[in-house]
Structure formats: structure tokens, C-alpha cells
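Whole structure, please, built from the sequences with the hints as guidance.
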Amino acid sequence: SNSTEVILSALSGLLKLDPSLPVYQDGTTILLAKSEFDQAEKIALEGLKRYPEDPLLTLILSGVYSENNQVDKAIAVLEKYLEKKDATEITEELVRLYLNEGLTQKASDLLSKMPEKPQDTESELFRARVLSSVGRYAEAKSFLQKLLKETPDYFEAWVELGFIAEKEKNND
Numbered sequence: 688s689n690s691t692e693v694i695l696s697a698l699s700g701l702l703k704l705d706p707s708l709p710v711y712q713d714g715t716t717i718l719l720a721k722s723e724f725d726q727a728e729k730i731a732l733e734g735l736k737r738y739p740e741d742p743l744l745t746l747i748l749s750g751v752y753s754e755n756n757q758v759d760k761a762i763a764v765l766e767k768y769l770e771k772k773d774a775t776e777i778t779e780e781l782v783r784l785y786l787n788e789g790l791t792q793k794a795s796d797l798l799s800k801m802p803e804k805p806q807d808t809e810s811e812l813f814r815a816r817v818l819s820s821v822g823r824y825a826e827a828k829s830f831l832q833k834l835l836k837e838t839p840d841y842f843e844a845w846v847e848l849g850f851i852a853e854k855e856k857n858n859d
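Numbering-wise, the sequence shown is residues 688 to 859 according to the numbering used here.
Worth double-checking, as some hints may not be accurate.
What the hints assert, rightly or not - Here are the simulated lysine-lysine pairs, BS3-like style, with alpha carbons at most 30 Å apart: (1) Lys856 with Lys793; (2) Lys736 with Lys793; (3) Lys760 with Lys800; (4) Lys736 with Lys767; (5) Lys760 with Lys771; (6) Lys771 with Lys703; (7) Lys736 with Lys800; (8) Lys793 with Lys828; (9) Lys772 with Lys760; (10) Lys772 with Lys833; (11) Lys856 with Lys833; (12) Lys854 with Lys836; (13) Lys736 with Lys760; (14) Lys760 with Lys703; (15) Lys767 with Lys703; (16) Lys828 with Lys800; (17) Lys833 with Lys793; (18) Lys736 with Lys703; (19) Lys793 with Lys703; (20) Lys771 with Lys729; (21) Lys800 with Lys772; (22) Lys854 with Lys833.
Claimed, not checked - Label pairs and their computed distance ranges (CB to CB): (23) Leu790 with Glu853: 20 to 26 Å; (24) Leu732 with Thr791: 26 to 32 Å; (25) Leu708 with Lys760: 19 to 25 Å; (26) Gly789 with Leu704: 44 to 50 Å; (27) Glu843 with Gln792: 24 to 30 Å.
Just so you know, the hints here were simulated from the structure itself, not pulled from any lab data.
Bear in mind that the values here come from a model prediction, so they are computed numbers and not experimental data.
Even glycine gets a Cβ: it sits at the ideal position worked out from N, Cα and C.
In C-alpha cells form, the structure reads like this:
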């Protein structure tokens with residue numbers, strides 16, 4: 688479409704002047720938002736040639752593939768990144784994709800390799816949810832109980848705990 692041509696021409700001009708990481712990240716994100724998958728992929732790959740270590744651009748490229756129903760490519764991009772370098776946000780996204788694709792064993796294996804101390808309450812909750820979704824209720828509960836000791840008014844953690852109790856009741 689016409690607006691896409693305008694964006695692409697502005698973006699290529701900008702990248703000639705300033706081939707910096709934020710320009711690649713924002714350019715890819717803008718194109719992704721317009722569902723211009725081929726162009727978004729092209730910009731992201733070009734950016735990753737210059738900044739191969741960048742986790743955000745890697746996540747954005749994975750998002751381009753996910754949104755375009757190329758989940759296998761989305762997964763491959765993240766797996767390749769993790770072969771070289773550890774990054775919690777990449778690991779968490781890969782776990783999410785594995786779970787969406789029904790690859791629970793892979794998700795579970797990847798989780799067990801995650802560093803013991805996630806940064807914040809949100810990633811703790813995320814971890815508990817993943818453990819619970821693969822049936823590891825005891826581990827999930829101990830995560831949540833620890834979390835609630837530190838943050839007693841963390842509503843989502845209480846909800847998750849209730850959810851696990853319900854699941855356990857139904858499995859008896």
C-alpha cells in the first residue's frame with residue numbers, strides 16, 4: 688500500500704544516515720504492526736547482521752514469524768540465539784511458544800535450565816504458571832508460596848494458587 692511505500696522509503700533513508708539498533712527495532716516493529724511481514728523480516732535480518740547479540744531485535748523477528756504463522760521459524764530463531772547466549776526474555780518467549788505448540792516436554796526441559804533467581808515477581812509468576820501447565824503442581828505451589836511471602840497482596844499469584852488447588856482436586 689501507499690503508506691507502506693512511504694514508510695519503507697523513509698526507513699531506508701534513515702538507516703543510511705543512522706544504522707543504529709533502535710532504528711532497526713522500531714522500523715521492524717512499525718512494519719510488523721502494518722502486517723508487512725516480508726519487509727519487517729528483511730529489516731530485522733539486516734539489523735541482526737549488524738547486532739547479532741541483541742535480544743530485543745531477536746524477539747521482534749521471532750514475533751514477525753509468529754504473527755505470520757511461521758511458528759517453526761519463530762522457534763528456530765530463539766533456539767539459535769540461546770545456543771550462543773543466555774537471556775531470560777528469550778527463554779520465556781521460547782517456553783511460551785513451546786507450550787502453544789503443545790511441546791510441553793521441551794518447555795519443561797528449558798525451564799529447568801533457567802537460572803534459579805528470576806528478576807521479578809512477574810517472571811516468578813510466569814514460571815509458576817508454566818510449571819502448573821505441565822502438571823508440576825508441587826513446584827508451582829512452592830514458587831507461589833515464596834512469592835506470596837514476599838508480596839502478600841499479589842492478586843494474580845493468589846488466583847494461580849487457587850487454580851492449582853482446583854486442578855489438584857479434579858485430578859484426585
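A quick look at each hint next to the structure:
1. Lys856 with Lys793: Roughly 27 Å between the alpha carbons, so the hint for lysine 856 and lysine 793 holds.
2. Lys736 with Lys793: holds, 28 Å
3. Lys760 with Lys800: holds, 22 Å
4. Lys736 with Lys767: holds, 14 Å
5. Lys760 with Lys771: The hint holds at about 17 Å.
6. Lys771 with Lys703: Roughly 29 Å separates the two Cα atoms, so the pair holds.
7. Lys736 with Lys800: Roughly 28 Å separates the two Cα atoms, so the pair holds.
8. Lys793 with Lys828: holds, 21 Å
9. Lys772 with Lys760: Status holds; Cα separation ~19 Å.
10. Lys772 with Lys833: holds, 29 Å
11. Lys856 with Lys833: Roughly 22 Å between the alpha carbons, so the hint for lysine 856 and lysine 833 holds.
12. Lys854 with Lys836: This hinted pair holds, its Cα atoms lying about 22 Å apart.
13. Lys736 with Lys760: Judged against 30 Å, a Cα distance of about 17 Å means the pair holds.
14. Lys760 with Lys703: holds, 28 Å
15. Lys767 with Lys703: The hint holds at about 28 Å.
16. Lys828 with Lys800: holds, 19 Å
17. Lys833 with Lys793: holds, 25 Å
18. Lys736 with Lys703: Between lysine 736 and lysine 703 the Cα gap is close to 15 Å, so the pair holds against 30 Å.
19. Lys793 with Lys703: Answer violated: lysine 793 to lysine 703 is near 41 Å, above 30 Å.
20. Lys771 with Lys729: holds, 22 Å
21. Lys800 with Lys772: holds, 13 Å
22. Lys854 with Lys833: Holds, because 20 Å separates the two Cα atoms, which is no more than 30 Å.
23. Leu790 with Glu853: 20 to 26 Å: holds, 25 Å
24. Leu732 with Thr791: 26 to 32 Å: Since leucine 732 and threonine 791 have Cβ atoms about 30 Å apart, the given range 26 to 32 Å holds.
25. Leu708 with Lys760: 19 to 25 Å: holds, 22 Å
26. Gly789 with Leu704: 44 to 50 Å: holds, 45 Å
27. Glu843 with Gln792: 24 to 30 Å: This hint holds: roughly 26 Å between Cβ atoms.
Checked against the numbered hints above, the structure breaks only hint 19 and satisfies the rest.
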